[in-house]
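**Student:** The residues making up each chain are set out below.
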Amino acid sequence: MRKYRGVDYYALDELLSEDERLVRDTVRDFVDERVMPSIGMHFRNATFPNELVGEMAKLGLLGANLNGYECAGLNNVAYGLIMQELERGDSGIRSFASVQGGLVMYPIYEFGSEEQKKKWLPAMARGEAIGSFGLTEPDFGSNPGGMITRATKAKGGYVLNGTKRWITNASMCHVAVVWAKLDDVIRGFLVERGPKGFITNEIKGKYSLRASDTSEIILEDCFVPESALLPGSKGLSSPLKCLSAARYGIAWGAIGAALACYDEALDYSKSRVQFDRPIAGFQLVQAKLVGMLTEITKGQLLCLRLGRLKDAGKVTPQQVSLAKRNNVHEALKIARVARDILGANGVTDEYQCGRHMCNLESVYTYEGTHDIHTLVLGADITGIDAFR
Amino acid sequence: MKIVVCIKRVPDTATRIRIAPDGKSIDPSGVEYVVSPYDEIAVEKAIQLKEQLGAGEVIVVSLGPAEASKELRTCLAMGADRAILLKYAGSSFDLDPLSVAEALADAIRPIQPDLVLTGWKAADDDHAQVGQALAVLLDMPCLTFVAKLDVAGRTATVHREVEGAVEEVEASLPIVVTAQRGLAEPRYASLKGIMAAKKKSIEEKEIATRPSRLELRKLAPPPARPPGRIVGQGKDAVPALVDALMNEAKVL
Ligand SMILES: Cc1cc2nc3c(=O)[nH]c(=O)nc-3n(C[C@H](O)[C@H](O)[C@H](O)COP(=O)(O)OP(=O)(O)OC[C@H]3O[C@@H](n4cnc5c(N)ncnc54)[C@H](O)[C@@H]3O)c2cc1C
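In order, the protein sequences belong to chains R and Z. FYI, my numbering numbers position 16 of the first sequence as 16, with every residue one higher than the one before it. FYI, my numbering numbers position 185 of the second sequence as 185, with every residue one higher than the one before it.
Worth double-checking, as some hints may not be accurate.
[As the list claims (entries may be wrong)] Distance ranges between label pairs, derived from CB positions: (1) 290/R x 110/Z: 55 to 61 Å; (2) 147/Z x 5/R: 27 to 33 Å; (3) 126/R x 210/Z: 47 to 53 Å; (4) 32/R x 216/Z: 30 to 36 Å; (5) 230/Z x 345/R: 20 to 26 Å.
Hints in this document: simulated from the structure, not taken from any laboratory. We treat Cβ as the ideally placed atom computed from N, Cα and C, and that holds for glycine.
Make a model of the complete structure from these sequences and hints.
**Tutor:** Right, here's the structure in full:
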């Protein structure tokens, strides 16, 4: 197979440090050698590549931007580059890493007690414990504040009741961060698989993120000990903070998916001959390719700046919303145009753009739908909240 | 045990090489550089030996441009302990292998290594001479094309790939070993390794190299592959195809 190179039209590599580039190149090689050969098969069979978890952990990809507890302690730009490279392979692989790092390790790191951190973070960095994040419910998606799931105080702990749906990694997780209302305040609970009343069912029949585990969690009088409560979590802002952490990685990841599609479409258009010339020689096809390149370059600039702001501790959640909203939207359009350039070949899994196109439909919806981010930004610039 | 590994920064083997207008160097635009693959195998082996012995030091040495610090950093991220960069600004084509070996030997001698490892050839110029020249200059035995290496105490046992056979050789340290494929499978640098590498030192040294006694006259791309030939269509073509494979290509 032709070696993937990435696209750097604006010499942005010059703005990266040597170790940021080294991290990126390492993950790029890993994706080429370990993800690409089997990801098409996993997508077709709707299986998650379990065999890669240990390898990703060994590389240090899980919770890579956290400090201590066996985490790599990278800056946020290097972390973003990891997400970009993983999603160049498949959004499902990136989703796994986003959930493990951004949605489970991060809240433990941020809201957890020292014992909780010591118990879970090293095991999760090593890939020995897998986590999931249960916020969404069947009837509460964009409006998670309305959740039905309840925790009630019981002797020595809490009893949880409710249903979480669309939960990434849930069927294979060892621990779930479950968000539930305790006395009407949203709190996070670390629910270990094992106790009675914690049931997971995989959601079948997805045409998107097929190489990712998406499941529902049913909590039926599920007892958890006192020590399961994340002491620092309080109110809706806690899960939203986690989402902002993971969403930052998604903004980078979307560029990876777009790059994969652009790379494939460019290569294909140079070798596919119609009317006696490569289709890349037609103005319409060139316009499509140039449009893709332009949006990729803009997205890269957005993310790099966002990452530097985050490293400086100056980023706002709205800035993250803007990047997620833009990059995923553009990536989805790029995937569709790539699919178009590949003609009939674009609809088979011999090629990757169709897989990315389907995956990105989920990415468009999860972690705040495109339109919810529009409303978040609208509220920020006008001062008028249009959705609550 | 002190292990020195000599590595070279070379264009990525997946890069399409274009010859520069001067006809004597390659066009650097769009070229990505890597640790030469056989050298990378040597680095991996050195780190494995250190890990097995539970002690020792792995020192990587490279002669090359200032940018070669990136390749040295890669080796440090894999697990080497420190690095030495012998800074040479000119084109690597302007140096003959002996002058490279002389500069490397001067840097290596004070380290007094027990083992010197390097790739059996560099992926760019294919000279396959530096390891042997280094052994002469350091007054150490040289074992080339090594596909297996074990060290016990002061004794090294190696497997050398020779025509149609494997030769097992024993030697007392110190020795120079040139790595062949199979000696080790290079690992990915882990992210923690990359972070740790930031704190490891790359010592830079200016060097005086002897002017090359070889002169590069011209670089030329390999001749274009002759076009394929269609011997026929459908099953009627089978006899002609078998004949071509047996008598022309001689692969059957
Ligand atoms: C593959 C996959 C994995 C997921 N993983 C997880 C996970 O790990 N954990 C988790 O908690 N959740 C997860 N989710 C759930 C995801 O976060 C939700 O799907 C998302 O928040 C949207 O909720 P919904 O699907 O209920 O859509 P709805 O909220 O019902 O939205 C439907 C449509 O209505 C629009 N809409 C809603 N409200 C407004 C408004 N006020 N104004 C204008 N338009 C509006 C939306 O933009 C959207 O277009 C996952 C989803 C998918 C598909």
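**Student:** Taking the hints in turn, state whether each one holds.
**Tutor:** Each hint tested on the structure:
Checking the proposed 55 to 61 Å range against residue 290/R and residue 110/Z shows it holds: the Cβ atoms sit about 56 Å from each other. One distance hint, 27 to 33 Å for the beta-carbon pair residue 147/Z and residue 5/R, holds here, with the actual separation near 31 Å. Our hint of 47 to 53 Å for residue 126/R and residue 210/Z holds, since their Cβ atoms are close to 51 Å apart. Separated by about 34 Å at the C-beta atoms, residue 32/R and residue 216/Z satisfy the suggested range of 30 to 36 Å.
For residue 230/Z paired with residue 345/R, a C-beta distance near 24 Å keeps the hint of 20 to 26 Å intact.
Going through the hint list in order, the structure satisfies each hint without exception.
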